[in-house]
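Those sequence lines, one after another, are chains A and B.
Under my numbering, think of the first position of the first sequence as 1, with each following residue one higher.
Under my numbering, think of the first position of the second sequence as 1001, with each following residue one higher.
One thing to keep in mind: the hints can contain errors.
So the derived list for chain B, only partly shown, Cβ under 10 angstroms to chain A, looks like this [said to hold, decoys possible]:
id, residue
1, Cys1067
2, Tyr1079
3, Gly1086
4, Phe1092
5, Ala1272
6, Glu1275
Ranges between beta-carbon positions, derived for each pair [unchecked claim]:
id, chain 1, residue 1, chain 2, residue 2, range
7, B, Arg1050, A, Arg61, 20 to 28 angstroms
8, A, Asp40, B, Asp1241, 41 to 49 angstroms
9, B, Asp1137, A, Ala112, 24 to 32 angstroms
10, A, Arg42, B, Glu1238, 29 to 37 angstroms
11, B, Arg1112, A, Arg42, 30 to 38 angstroms
12, A, Glu100, B, Gly1100, 42 to 50 angstroms
13, A, Arg42, B, Gly1101, 20 to 28 angstroms
14, A, Leu62, B, Gly1232, 40 to 48 angstroms
15, B, Cys1070, A, Ser104, 54 to 62 angstroms
16, B, Asp1063, A, Ser104, 26 to 34 angstroms
17, B, Ile1173, A, Glu100, 49 to 57 angstroms
18, B, Cys1170, A, Asp116, 42 to 50 angstroms
19, B, Asp1063, A, Asp32, 52 to 60 angstroms
20, A, Arg101, B, Cys1070, 31 to 39 angstroms
These aren't lab readings, by the way, just hints derived from the structure by calculation.
In this text, all values refer to a predicted model and were calculated from it rather than measured experimentally.
Glycine residues also receive a C-beta, built at the ideal position from the N, C-alpha and C atoms.
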Amino acid sequence: MKIAFSTSGETLESPLDARFGRAPKFLVYDLDSETFEAVDNRQNMNAAQGAGIQSAETVARLGVQSLVTGHCGPKAFRVLLAAGIKIYTTDAPTVAAALERYRSGKLTEAKAADVDGHWA
Amino acid sequence: MILAVASGKGGTGKTTVSVNLARVFGPDVRLLDCDVEEPNDHLFLKGTPRGEETVTIPVPQVDESLCDGCGECGRFCEYHAIVSFGATALVFPEMCHGCGGCAKVCPKKAIRETGHKIGVVETMESGNVTLIQGRLDVGVAMSPPLIRAVKARLRKGVPAILDAPPGTSCPVIASLRGADFVVLVTEPTPFGLHDLRLAVDMVRVLRIPFGVVLNRVGIGDDRVHVFCGNEGIPILLEIPDDRRIAEAYSRGELIVEALPEYRAHFERLREAVRERTSTDLHDPARVETRVAAPGASVFQR
Chain A
1 MKIAFSTSGE TLESPLDARF GRAPKFLVYD LDSETFEAVD NRQNMNAAQG AGIQSAETVA
61 RLGVQSLVTG HCGPKAFRVL LAAGIKIYTT DAPTVAAALE RYRSGKLTEA KAADVDGHWA
Chain B
1001 MILAVASGKG GTGKTTVSVN LARVFGPDVR LLDCDVEEPN DHLFLKGTPR GEETVTIPVP
1061 QVDESLCDGC GECGRFCEYH AIVSFGATAL VFPEMCHGCG GCAKVCPKKA IRETGHKIGV
1121 VETMESGNVT LIQGRLDVGV AMSPPLIRAV KARLRKGVPA ILDAPPGTSC PVIASLRGAD
1181 FVVLVTEPTP FGLHDLRLAV DMVRVLRIPF GVVLNRVGIG DDRVHVFCGN EGIPILLEIP
1241 DDRRIAEAYS RGELIVEALP EYRAHFERLR EAVRERTSTD LHDPARVETR VAAPGASVFQ
1301 R
């Protein structure tokens, strides 16, 4: 099972990014093999609109089952929901801290977007 | 002849100039209110309504039984208005610019286009003026498609005045494209000059001949006069800062009717514009391609 974390770095010590759509990278952690990889998301940092939609499609195509991030907007939420991906929002400072909270069941699944969209 | 009235700064008097010029422009003129987010011309030309038409832009609708989630549509879309993966396709109509590209690239022909309402175009008659205004639905992010629908009501052989929105962004460009001449309205103040410079840059990029109307002369200084003199930009009309104009305006009255001594001002503006443009009445369809050809417009010195 794979989890994606929004981040600006490439290791577990990297900060968890509060943004999803405009996160510079995603760290995808494979719980079965205890390995991870960093996926670049810069094209969505720079997108004029639809960054949340595009980022959601990206993580869906990576085959993750869960997403952990700071906040999730309405358009991203709609895409993630359609893809069947569980969303968790947290203020954990690093990917490692967020992963620890996930493993110990301290994260609550988000049932709706927790911030407004930026466009339309 | 298609005359556009624009400005950099808002509130300089575009609508004042547009409606009063329209009233003295001749026996038959079309006034197109292209400020579709907040059309105001109708407040001064209390016209008889002649019709309302709904305007839509085409947005994709996906037949999920045909979609295999290949994602071609999403890869094509510049605006991230459509994504597909698995066996799902999601459309975000509010992001869509109606280009139709997704439907063309879909390998399964699973996408057709349906109309998504963005606003209305309303027509009114007021004496010599046929007023056509666009009214954008609240919350719609894009005005240019509705502005183009308003401009589709131009009629070959009938002179037209386009009241543009303020500023220099997409809605203004959509309004000004294809015009034979642009009148830039400003006020003689630092703010007025700053934004006039931006507007001048814009019309120079569009390569449309232009001149300036200076409104509320007396409230500021001569910096706009100096700028226009240095740049060789003609000042076609000066309207003094006359409190009676503000009073008439605040009552929704035309200046040329409430204060007939100003009629001659607007007639002079009409003649100044006519002198600087071809006397041929243009086919609006041909004007679009004319602007696309570099150097085709007469550049005002």
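field: Hint check for B/Gly1232 and A/Leu62 - Cβ pair distance inside 40 to 48 angstroms
entry: The hinted range 40 to 48 angstroms is violated for A/Leu62 and B/Gly1232, with Cβ atoms some 60 angstroms apart.
- request: Could you see if the CB distance from B/Cys1170 to A/Asp116 stays within 42 to 50 angstroms?
  value: 23 angstroms, violated
query: Do B/Asp1063 and A/Ser104 keep their Cβ atoms within the hinted range of 26 to 34 angstroms?
result: 45 angstroms, violated
message: Verify the CB-CB distance for B/Arg1050 and A/Arg61 against the hinted window 20 to 28 angstroms.
response: This hint is violated: roughly 52 angstroms between Cβ atoms.
Minimum beta-carbon distance criterion (10 angstroms), B/Ala1272 to chain A: Violated. Min distance 40 angstroms.
- prompt: Is the hint on B/Glu1275 kept, meaning its closest Cβ partner in chain A is under 10 angstroms away?
  reply: With Cβ-Cβ at 43 angstroms, over 10 angstroms, it is violated.
field: Outcome of range test on Cβ distance (A/Arg42, B/Gly1101; 20 to 28 angstroms)
entry: 24 angstroms Cβ-Cβ, so the 20 to 28 angstroms window holds.
message: If I claimed the Cβ atoms of B/Cys1070 and A/Ser104 lie 54 to 62 angstroms apart, would that claim hold in this structure?
response: 39 angstroms, violated
task: Given the range 49 to 57 angstroms, decide if the beta-carbon distance of B/Ile1173 to A/Glu100 lies inside it.
output: Holds, since B/Ile1173 and A/Glu100 (Cβ atoms, about 53 angstroms apart) stay within the stated range.
Interface hint status, B/Gly1086 versus chain A (Cβ within 10 angstroms): 7 angstroms, holds
message: Does B/Cys1067 hold up as a contact with chain A if the rule is Cβ-Cβ below 10 angstroms?
response: 12 angstroms, violated
- prompt: Is the gap between the beta carbons of A/Glu100 and B/Gly1100 within 42 to 50 angstroms?
  reply: 49 angstroms, holds
Of the numbered hints listed earlier, those contradicted by the structure are 1, 5, 6, 7, 8, 10, 14, 15, 16, 18 and 19.
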